[in-house]
Amino acid sequence: MLRTDRPLLEARNLGKYFDVSQPWLTRLLEREPRRILKAVDGIDFNIARGETFSLVGESGCGKTTVGRLAVGQIVPTFGALVFDGVDVHRLRQRTEQRQFRRRIQIIFQDPYASLNPRWRVRETIAEPLRVLGMLNGRRAVRERVDELLQQVGLSPEDGTRYPHEFSGGQRQRISIARALSAKPDFIVCDEPTSSLDVSVQAQILNLMKDLQRNLGLAYLFISHNLAVVHQMSDRIGVMYLGRFCEVAAADELFSRPRHPYTRLLLDAVPDPAAPRREREPALGEVPSPINPPAGCPFHPRCPFADPRCSNEVPRLRPDGGGLVACHAVEEKRLPRL
Amino acid sequence: MTAVPTLEIEDLRVEFVGRDRRLTAIDGVSLQIAAGEVLGLVGESGAGKSLTGTAITGLLEPPARITRGCIRLDGRRIDNLPDADLRHVRGREIGVVFQDPLTSLNPLYTIGRQLVETIRTHIDVSSAEARGRAVHLLGQVGLPEPGKRFDSFPHEFSGGMRQRVVIALALCANPRLVIADEPTTALDVSIQAQITGLLKRLCRERRSAVLLITHDMGVIAETADRVAVMYAGRIVEIGHVRDVVHSPMHPYTQGLIASIPRLERRTDRLLQIRGTMPPLGDLPVGCAFHPRCAQVIERCREQAPHLMRASGTTTAACWLYGPCHAEN
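Listed in order, the protein sequences are those of chains A and B. The first sequence maps to residues 1 to 337 in my numbering. The second sequence maps to residues 1 to 328 in my numbering.
Treat the hints with care, since some could be wrong.
[To be verified] What the simulated footprint calls covered on chain B by chain A, stretch by stretch (three residues with Cβ under 8 angstroms from a Cβ of chain A suffice, anywhere in the stretch; the number is not a length):
#1 185–194
#2 207–220
#3 249–263
[To be verified] Okay, the calculated beta carbon distance ranges per label pair:
#4 A/E165 / B/R201: 51 to 59 angstroms
#5 A/E30 / B/V125: 21 to 29 angstroms
#6 B/Y109 / A/R213: 51 to 59 angstroms
#7 B/E10 / A/Q150: 45 to 53 angstroms
#8 A/E123 / B/R19: 43 to 51 angstroms
#9 B/R201 / A/Q97: 53 to 61 angstroms
#10 B/V125 / A/E330: 52 to 60 angstroms
#11 A/N116 / B/D11: 39 to 47 angstroms
#12 A/E123 / B/Y109: 45 to 53 angstroms
Since the hints were derived computationally from the structure, they do not count as laboratory data. Ideal Cβ positions, reconstructed from N, Cα and C, are used throughout, including at glycine.
For reference, chain B alone in the conformation it holds in the complex (with noise of 0.2 angstroms):
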């Protein structure tokens, strides 16, 4: 890759600091994002996936911060930037579209206004011609009648729609990156795929970078180009999607795919993992995954392995990869 990543993230630890104790949530994680990209995030829940996406967006709430790396937008560190300038890059260069619609909408404020006082607040703009904008906006999204839609409150709309809405909100100020969390969750099956199927299509025609944050393999799929797997607060696996989604090579993605309920066939009993992943405070020494591991090595319970390459474009963070097991 010779062209600057529009998103890296270079060796990011999220620590939760209190009076008497740290705990890491996040650690480790680099990845990179090019422009017209789709990177999914995928993981179970206290993986670290949203605390990633609110990492970059500056969004940390104490006791959590960035204790270790650094995050570049376009080449230039926005980890460290003091909040005024970190407010205008949010916003203005980074998209943000959460799991639930109404929660991220004002439901005093019709969604016009919103809309024209988001592009106002970044672009320098009349407001006839943020109005403008805005409808067409909105008819980008798919909103039928935009522009009698235009005044109408957020309640007024389904949870589909709102959810439109609020890519529009997103995409308003033509950012470099869009970070998508859970977009589709809140939304029943038939809508889910017009919406991401919406957000990867504005965003390439936007050169934008997405980060896709979801649990369900079936979403990333069809939507990302790359995924990263994370497990514990670290990237086990990172890859092509086809490579990752048929050929998993750390033992803990294989397992997730393999305990996925299927539509063409049906078994018996599904795969599944034995036991759960561990609380914060309570990792196990080496590998996180150890305990629950069914192939695992001595290595394992002494060293925490490190991203390796494990097959044409995946690299997976398993001592089976490494450098000795592969010799046997």
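Okay, chain A solo, but in the shape it has when bound (with noise of 0.2 angstroms):
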């Protein structure tokens, strides 16, 4: 393999809509408009191998949507997925359509459902390989599997256990099993310990880590826990309503948090060490993506909007070591931390 300095997955201005129109005869006899949901609306990022990079939100934001067009479950609407120079929406060839999928591979939040009941195990982990086809022989199959169950600290025995046996976090030892099987480069885990107790948690973010260490792994990681976030990027990116408000450095992010949004979030964060207990709440709530506020998606909740704010949509701008979309920032308006 050619080995370059291009980033392993970029997004290139990558837009995925949702029509959730009412069916057509309603949309007629009301006299209803076509609704569209705008769930990811134009963004563009990039990773490198070996690195994290997290995208964090609250609901509705979008960053699923993106983590589900970077495994190629969906088709963007506008824009493209480049993984390793292959524009991954537009693999024609069955072979190259499977070097993508086994390349690329991905850990849900809910470990309950994301694994077959009727399975063993060892069958679970082992798909994966059988399907694309890797591994030749019944012998060969079953130590790829003892493997990467001790990889994921689980022991050879529990191969043969069905899912109900184990718990939230063995479970989820048992999917990323799974996603290793097809000795993958790049990863996106999808809230992969938001239905975790914390200290099972801690167990399975430390795990991730020694698994990219040790593997040279890239991490798509989402999640809407910012300390989860600080704790395993190299870089974040913050969605609001489809779009980045800010992307930077991890570290910087946290300790110079520059969009109003970011702020915010980190504001409202409890944290047990710190309680700041008489402060303000955040305003308001997330407005609806299909009836997005005009201009800057944040002004109604923004303490720093002004009229430029409600009319003109602001564009990433570096700011820092990092890229920032706000009015306010770019005219130096913002209070200092």
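Two chains, two frames, some hints: make the complex.
See the structure below:
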């Protein structure tokens, strides 16, 4: 393989719109227009080999849609996703598609729903190998599965058991083993620890970091939990209603958040060590992505909004080490933290 | 403490009684909450925190039942009341807020109708008066234009707004005790602070006691006055929130707090507690935490510890603070 400096995954003006209109006849009778949900509305990012790029934001901001686009599960409305130099959604040949599927895997939030309850763990983990035709012979498959089980902290004997015999954390280990079985170099992790208890979450996050270090994996890490994202990421993109409002290196983002929304999010996280009991709670709620506000989508909740913010969509501009989409930041109207 | 606490639980045991075996889900739980006080009950899944809340409301479903201890509300026993009396206590004197606001609201009735119905069930007022109260209450929980939204259905609200409506429902009869079971877990982080702040303010104004059940130590730290940590059906540590969060005494609490990723600093590895909580049917002899504990001593394997004074306001169920060990 030719090693180059090009990113492993690159999103170029990526967008996904969903048509959530009423049926045709209802629309006609009720004189309703079509309704389009702009889940992802033109975002750019890239992820290098061995790097963790995180998407963080509240429900409905489009982070999961980006994850589904990245693994090729849904087709973008516009823009492109380029994986190792090839446009993911224009793979015509089966062999190419197969290569892509082998190299990019996904771990979901709910390990109860993402494992087949009727399959032994061994079969679940071996399935990608079988589907992709990677190993020949039962022995080879069995050896690989045993190796994978050990890699994620389970024992080879666990392979003969069924998912219901495991706790949530162990099930997530099984999901990770399945994702690793095809030797991918990129894994989309969609809220991998959100349904786990904190002590188990720590185990899984540590495991994911160890695996990344040992296997040189790149992660697209999707989470609503800022503290988890800080722990895991190299760079972070903060999403709001389908767009980035800030993209920055993790330490930079947490020590010097620039966008008012990032500040709001960081301020809202209850921190056990430093409770801010008498703080001002955040204003309002996320508006519906079907009818987003004009101009900057965040302006109705933003304490620094002015008339320009309600008319003109801010573009991502370099600021400090990262990118920020905010008129107030650009005009230097924001108070320093 | 001289005044009678609003809620007092004494040596509570809840068991699942089957034909051939009994599983003890909660054992020896004692706690008190004063009027206007928020007690946080924290622990991981299966620790018995929600079951404790269910036991207080008298909503335990067979085979679960209270097999020892008692629960008092304002000094009056409520764990052995007949169903009809209990129904009166529930709703009137105990308000409940659950995790998912969509399941606590009836999707077929407007929120106004649900509020008026609840108010009139518990308080003897005319329907016009009940409507007035309901609108006032919706305003208090921060619903914009409460008069206009009165006739809206639950699905017309966002998650945060629904949870506000549920809080209004829980508070509408001015209960003595509010049980909030993971009230913010289903909400986005920017809404969470609004909801916990609201709950705390309204309950303090009304001098209601609050039992806040959650797995989120951050929510506890910001909202609760005191905190009780549960593990495998027992309270392992209880004390003022500041003391417990900053200097946890029980090894489990120490591990739990250390394993939370932090905003302000990043570590190469998170501290982790090895293993997982044992299932109810398979609790180890002695302290239930001893197989996972790094500071285990001989006595832990033999005898279950009771709560002992560990420091200032904190008591912990750990032999490290036992009389013999402390002397060494």
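Exercise. Are there hints from earlier that the structure breaks, and if so, what are their numbers?
Worked result: 4, 5, 8
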